[in-house]
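Trainee: Using the sequences and the hints given, assemble the complete structure.
Residue 88 in full-length UniProt numbering sits at position 88 of the sequence shown; the count goes up by one each step and never skips.
There may be inaccurate statements among the hints.
Below, simulated EDC-like cross-link-like pairs (lysine to aspartate or glutamate); rule was C-alpha separation at most 16 Å, straight line [as the list claims (entries may be wrong)]:
#1 226 with 249
#2 333 with 474
#3 524 with 538
#4 524 with 449
#5 333 with 480
#6 276 with 480
#7 409 with 474
Cβ pair distances, simulated, as ranges [unchecked claim]:
#8 208 with 382: 27 to 35 Å
#9 461 with 382: 19 to 27 Å
#10 352 with 61: 38 to 46 Å
#11 231 with 434: 15 to 23 Å
#12 321 with 202: 53 to 61 Å
#13 136 with 200: 42 to 50 Å
#14 449 with 232: 37 to 45 Å
#15 157 with 232: 23 to 31 Å
#16 200 with 270: 48 to 56 Å
If you're looking for bench data, these hints aren't it; they were derived computationally from the structure. All C-beta atoms in this analysis are idealised placements derived from N, C-alpha and C, irrespective of residue type, glycine included.
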Amino acid sequence: MNFNLIRFQHNLPNIFINSFRFLSLSQPKQWQKYENERYFGYEPSAEEPWKRIKHGLTYDLRRAARRYKEAKYDAFRRRYPINYMFKKDVMDYELLPMHVEFFVIGGGLTGSSIAYWIKQYCRDENITVTVLENTDNFTKTRSMLGSGVVSQQFSIPEMVDLAMFSAEFFRHAGEHLKILDNDPPDLNFLPVGVMHLARTQEEADAFKAAWKIQVDRGVHVALLNKEELKAKFPFMRFDDIVMGTLGLENEGVFDTWQLLSALREKNISLGVRYLKGDFEGVTSYNQVRGTPTYGGVSVEEANADSLNMYTINGVVIRPQMSGASPRPVNCYKIFNAAGPWAGEIAKKAGVGFKGEMMRIPLPIVCTRRTNFVVHAPEVPPLSMPILMDSNGIYCRPDTVGHNYICGRKPTKTDAVKNLKEEGQQINNSDEPPIDYNEFYEQVWPLLVERVPSFKNAKVINAWHSYEDVNMFDEAPIIGEHLVHENFIQVCGLGGYGPQMSIALGKMISERIYDKAYVTVNLRKFDMRRIMHGSRCKELFRCV
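Mentor: Put into structure tokens, the structure is as follows:
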């Protein structure tokens with residue numbers, strides 16, 4: 001009898017809740033259909049049982065009030081807002097998160113790498129990471145169509161350290177990105193040395209200074225004169241060359257799509273959420289009055305002092321679905337890793353418009369690169385390096401065979417030309433057709449002049465890809481914004497973005513959790529150099 005009484009007392013709360021369940025408008029559903037709202041905050045008082053009970057009992061009223069307010073801005077729901085308020089079913093847009101700790105804009109290699117290293121540092125399920133991606137632009141980025149060259153030859157010491165970290169990660173990528181008992185991912189890495197050529201004595205002196213920096217950091221690079229180049233590569237011409245460098249270890253090419261798919265699968269297993277949508281703006285909070293505003297800055301004309309009173313506390317996103325309207329998402333940190341669209345994202349956040357510090361724009365523009373796949377049966381496949389000529393021509397092996405990917409490296413002039421032609425609106429479906437005359441008029445003559453075996457090469461494929469170019473100094477921009485410390489820029493990587501993305505994600509996670517760069521100090525790449533006018537010039541440029 002005592003056991004039955006104890007069992008009855010134990011089941012009494014469940015009996016009470018089930019008896020009065022009809023008073024609530026919310027019906028029990030599967031966990032996938034619940035709104036992703038945090039039911040208690042961070043403060044200690046929120047852990048009190050009575051406050052949590054109050055939060056749950058008043059949830060239906062707060063949801064109805066929110067729906068009534070949102071119905072005013074929707075043409076379909078404006079006519080019957082009362083019916084829309086008390087619907088028991090959860091709306092599609094309500095399944096989006098309301099609060100996340102880290103919000104990453106851009107689902108490419110850089111954004112996925114940031115999400116990966118954040119979750120590697122702390123795998124607590126309450127530390128939520130959300131990645132926003134636009135599927136319309138996703139197939140045009142370097143993460144999908146990049147050449148995937150791995151090189152350690154840079155003139156800036158920090159760039160050398162980043163390249164060495166990424167090369168070590170690629171060597172053990174199967175261990176890092178393996179999911180439980182699944183087969184480890186294969187990046188299809190092809191070890192090939194990268195060769196840079198200098199035509200003048202001034203370039204040769206710069207190559208020698210950079211070579212000393214690389215060797216001091218443990219990079220295996222050979223510095224070759226004209227005679228040594230002719231002896232090692234007899235099928236190439238070096239009459240106009242003074243000196244060259246050739247990588248001997250940890251250099252080659254890999255499949256960027258294989259790396260991206262492995263990163264995304266690993267992130268999903270760690271709890272990272274990917275959303276398909278567009279970035280519309282940011283939400284800000286007035287520290288003095290406590291009133292939220294939308295758009296990044298106040299409507300009134302604000303000076304630098306009053307602008308500092310506003311802090312970004314969330315983003316506004318538009319889901320990629322029919323008839324979806326923008327909605328805010330509160331977040332702690334925002335990462336601008338949109339690649340070619342990073343400049344547009346910064347403008348939507350209010351960067352480059354008002355205030356002394358906010359007036360400084362993010363000098364990231366999009367440039368279009370055309371890659372040509374050629375079949376050259378006369379070129380020795382096992383001896384051909386990754387060629388980075390000083391005239392802007394590049395050529396690298398596609399696979400172990402006679403197929404090569406070649407083209408011309410885009411410059412600032414090309415970026416400005418693309419802006420004038422397309423108005424930076426590259427997110428439409430009217431992509432320009434492939435201009436094969438570019439290969440036969442600008443690429444092929446210079447390539448045959450360097451490697452005569454390409455004289456019978458045939459083009460078998462070509463595609464466009466888009467890159468983010470820093471118009472200020474063509475170096476990456478890494479770090480917090482000058483005004484908003486929780487708005488972090490990770491962009492301007494250009495051609496070396498695929499290999500640097502892994503290392504940059506690691507450094508960003510250190511900056512968040514350790515409050516400092518531990519492995520590689522990247523403070524010279526933040527936006528303060530734009531304010532001071534100091535440029536970081538990189539001598540070597542990757543494909």
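Trainee: Given the hinted pair residue 333 and residue 480, is their alpha-carbon gap at most 16 Å?
Mentor: 10 Å, holds
Trainee: Does the alpha-carbon distance linking residue 226 and residue 249 stay inside the 16 Å limit?
Mentor: 22 Å, violated
Trainee: Check whether the Cα positions of residue 409 and residue 474 lie no farther apart than 16 Å.
Mentor: With a Cα-Cα distance of about 13 Å, the restraint between residue 409 and residue 474 holds, given a limit of 16 Å.
Trainee: Starting from residue 524, check that the Cα of residue 449 is at most 16 Å away, please.
Mentor: 39 Å, violated
Trainee: Residue 333 and residue 474: Cα distance at most 16 Å?
Mentor: 26 Å, violated
Trainee: 23 to 31 Å was suggested as the range; check whether the CB atoms of residue 157 and residue 232 agree with it.
Mentor: 28 Å Cβ-Cβ, so the 23 to 31 Å window holds.
Trainee: Using the beta carbons of residue 352 and residue 61, state whether their distance is inside 38 to 46 Å or not.
Mentor: 42 Å, holds
Trainee: Does 37 to 45 Å hold as the CB distance between residue 449 and residue 232, or does it fail?
Mentor: Once the Cβ atoms are compared, 19 Å apart, the range 37 to 45 Å for residue 232 and residue 449 is violated.
Trainee: Does the beta carbon distance between residue 200 and residue 270 stay inside 48 to 56 Å, or does it fall outside?
Mentor: 50 Å, holds
Trainee: Just tell me: holds or violated, for the beta carbon distance of residue 136 and residue 200 against 42 to 50 Å?
Mentor: Since the Cβ atoms of residue 136 and residue 200 sit about 44 Å apart, the hinted range of 42 to 50 Å holds.
Trainee: Tell me if the straight-line CA distance from residue 524 to residue 538 falls inside 16 Å.
Mentor: 13 Å, holds
Trainee: Kindly confirm whether 19 to 27 Å is satisfied by the beta carbon distance between residue 461 and residue 382.
Mentor: 22 Å, holds
Checked against the numbered hints given earlier, this structure breaks hints 1, 2, 4, 6, 11, 14; the rest are met.
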